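Chains as they are written, first to last, in our numbering: chain A, 1 to 112; chain B, 1001 to 1112.
Derived by calculation from the structure, the hints in this document are not laboratory data. These figures come from a predicted structure and were not determined experimentally. Heads up, the beta-carbon is just placed ideally off N, CA and C, and yes, glycines get one too. Check before you lean on any hint, since a few could be wrong.
As the list claims (entries may be wrong) - Once the Cα atoms are required to be at most 25 Å apart in a straight line, the calculated DMTMM-like pairs of lysine to aspartate or glutamate come out as:
1) 49/A to 1038/B
2) 77/A to 16/A
3) 49/A to 1001/B
4) 77/A to 54/A
5) 77/A to 42/A
6) 60/A to 1003/B
7) 49/A to 1003/B
8) 1011/B to 42/A
9) 77/A to 63/A
10) 52/A to 42/A
11) 1057/B to 98/A
12) 60/A to 1001/B
13) 68/A to 8/A
14) 49/A to 1079/B
15) 68/A to 16/A
16) 1011/B to 1079/B
17) 49/A to 1059/B
18) 56/A to 76/A
19) 56/A to 1095/B
20) 1011/B to 1059/B
21) 56/A to 69/A
22) 52/A to 1095/B
To be verified - Derived Cβ-Cβ restraints for the label pairs, each shown as a range:
23) 1112/B to 39/A: 27 to 35 Å
24) 69/A to 1110/B: 42 to 50 Å
25) 1108/B to 3/A: 20 to 28 Å
26) 1053/B to 82/A: 43 to 51 Å
27) 1110/B to 85/A: 23 to 31 Å
Said to hold, decoys possible - Stretch by stretch, here's where chain B covers chain A in the computed footprint (C-beta under 8 Å, at least three residues):
28) 43 to 54
29) 102 to 111
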Amino acid sequence: GNSVTQMEGPVTLSEEAFLTINCTYTATGYPSLFWYVQYPGEGLQLLLKATKADDKGSNKGFEATYRKETTSFHLEKGSVQVSDSAVYFCALNHFGNEKLTFGTGTRLTIIP
Amino acid sequence: DAEITQSPRHKITETGRQVTLACHQTWNHNNMFWYRQDLGHGLRLIHYSYGVQDTNKGEVSDGYSVSRSNTEDLPLTLESAASSQTSVYFCASSDRGQETQYFGPGTRLLVL
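Pulled out of the complex, with its shape left as it was, chain B reads as follows:
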């Protein structure tokens, strides 16, 4: 069955370190999204991609970057982790022209 996976599921890191969160989908979807989930804010869009070599900034993109070298993967990089980036991160994908997004299980990140 097609799925979307995230790794690691849990990560502890220190302030200033670079961290990369992986997202892999086997739906063959064109669109991929990264969100962070924080209490009182719901889900906020970090970055998104509509296809290979396409990336776009969302509403909370500062301190994050993504790259899309193939259809299946959209890794999220925190260039220099900050305590304010402690959060739960969700990756999602959708097919071109389709509104329904499919979510991964999430990565819980703690920055000390």
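For reference, chain A alone in the conformation it holds in the complex:
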């Protein structure tokens, strides 16, 4: 079946540091890939997505590239801010069933 494996965390970085959160997946066919973010006390919201190989999703300075050859969708940001502190979830959607499979989440804390 489908599964998503992401970096365990927690991750603590200083402001303006470079961020990478790893995500790999297992799926048949060609799923769509997502990063969702959960700010403290809130529900999840879509951060970015990519629907086919080599696509790059981007939003709010975050980027992730759909790598079919390595079955990965790593999240990156060049310079993090305190306001980026949140839990980040990688997820996939297998074409046709409209359901999402989530990774376990990575808690990110940015210190000033």
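Go by the hints and put chain B onto chain A.
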């Protein structure tokens, strides 16, 4: 503005009691989902619905039920609450054929 709401936001109950968590969306979305969020597990799908009178079991459906009598609402019922059901519950919705899900703010449930 369209939104998805959950109530109550916090609930304490006792083992063996029946509990119902409400989810209401004004997006007019066909698809609705219930997840539970637990440390180390990320989000796991409990039940989902693709439209009125349609309900389906997710990966962790034991002890839970849902019904879909209209487009806007998908209440989640715990038939006989157990301590293992202490969790944070999220409702989400998406439009037919669309992969992006929109999440509610969550309900934190404690079963004593």
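Structure-based check of all given hints:
1. Distance hint between residue 49/A and residue 1038/B is fulfilled; the C-alpha atoms sit about 24 Å from each other, no more than 25 Å.
2. Note on residue 77/A and residue 16/A: the hinted pairing holds, with a Cα-Cα distance of about 9 Å set against a maximum of 25 Å.
3. Restraint check for residue 49/A and residue 1001/B: the C-alpha separation of about 23 Å stays at or below 25 Å, so the hint holds.
4. Between residue 77/A and residue 54/A, the direct Cα distance comes to roughly 18 Å. Compliance with the 25 Å bound is thereby established for this hinted pair.
5. Distance restraint check for residue 77/A and residue 42/A: the Cα-Cα separation of roughly 22 Å lies within the 25 Å cut-off, and the hinted pair is therefore satisfied.
6. Simply put, residue 60/A and residue 1003/B have alpha-carbon atoms about 22 Å apart, close enough for the 25 Å limit, and the pair holds.
7. A C-alpha spacing of about 21 Å is found between residue 49/A and residue 1003/B, which places the hinted pair at or below 25 Å, so the restraint holds.
8. The hinted pair formed by residue 1011/B and residue 42/A meets the criterion: a straight-line CA distance of about 16 Å does not exceed 25 Å.
9. Between the alpha carbons of residue 77/A and residue 63/A the distance comes to roughly 6 Å, so the proposed pair stays at or under 25 Å and holds.
10. At most 25 Å may separate the alpha-carbon atoms for a hinted pair to count; residue 52/A and residue 42/A exceed this at roughly 29 Å.
11. For the proposed pair residue 1057/B and residue 98/A, the alpha carbon gap of about 14 Å is at most 25 Å, so the pair holds.
12. Between residue 60/A and residue 1001/B the CA atoms are separated by roughly 22 Å; this keeps the pair inside 25 Å, and the hint holds.
13. For the given pair, residue 68/A sits about 22 Å from residue 8/A by alpha-carbon distance, which is consistent with the 25 Å threshold.
14. Simply put, residue 49/A and residue 1079/B have alpha-carbon atoms about 36 Å apart, too far for the 25 Å limit, and the pair is violated.
15. Between residue 68/A and residue 16/A the alpha-carbon distance is near 30 Å, which puts this suggested pair outside the 25 Å criterion.
16. With a C-alpha separation of about 15 Å, the suggested pair residue 1011/B and residue 1079/B falls inside the 25 Å cut-off, and the hint holds.
17. For the hint linking residue 49/A to residue 1059/B, the alpha-carbon distance of about 24 Å falls within 25 Å, and the restraint holds.
18. A distance of roughly 11 Å separates the Cα atoms of residue 56/A and residue 76/A; the hinted pair therefore holds under the 25 Å criterion.
19. Between the alpha carbons of residue 56/A and residue 1095/B the distance comes to roughly 23 Å, so the proposed pair stays at or under 25 Å and holds.
20. Note on residue 1011/B and residue 1059/B: the hinted pairing holds, with a Cα-Cα distance of about 24 Å set against a maximum of 25 Å.
21. Note on residue 56/A and residue 69/A: the hinted pairing holds, with a Cα-Cα distance of about 15 Å set against a maximum of 25 Å.
22. For the hint pairing residue 52/A with residue 1095/B, the CA-to-CA distance comes to about 20 Å; that is within 25 Å, so the pair holds.
23. At about 29 Å, the CB distance of residue 1112/B to residue 39/A agrees with the hint of 27 to 35 Å.
24. A hinted range of 42 to 50 Å for the beta carbons of residue 69/A and residue 1110/B is consistent with their spacing of about 45 Å.
25. Distance hint check: the CB atoms of residue 1108/B and residue 3/A are about 27 Å apart, consistent with the given range 20 to 28 Å.
26. Between residue 1053/B and residue 82/A the beta carbon distance is about 47 Å. The supplied range of 43 to 51 Å therefore holds.
27. For residue 1110/B and residue 85/A, the Cβ-Cβ distance of about 25 Å falls inside the hinted range of 23 to 31 Å, so the restraint holds.
28. A count of 6 residues in the segment 43 to 54 of chain A with a Cβ less than 8 Å from any Cβ of chain B is obtained; the coverage claim is therefore met, three being the minimum.
29. Judged by the Cβ-Cβ criterion of 8 Å, the segment 102 to 111 of chain A is covered by chain B as claimed, because 4 of its residues qualify and three suffice.
The structure is inconsistent with the numbered hints 10, 14 and 15, although it conforms to all the rest.
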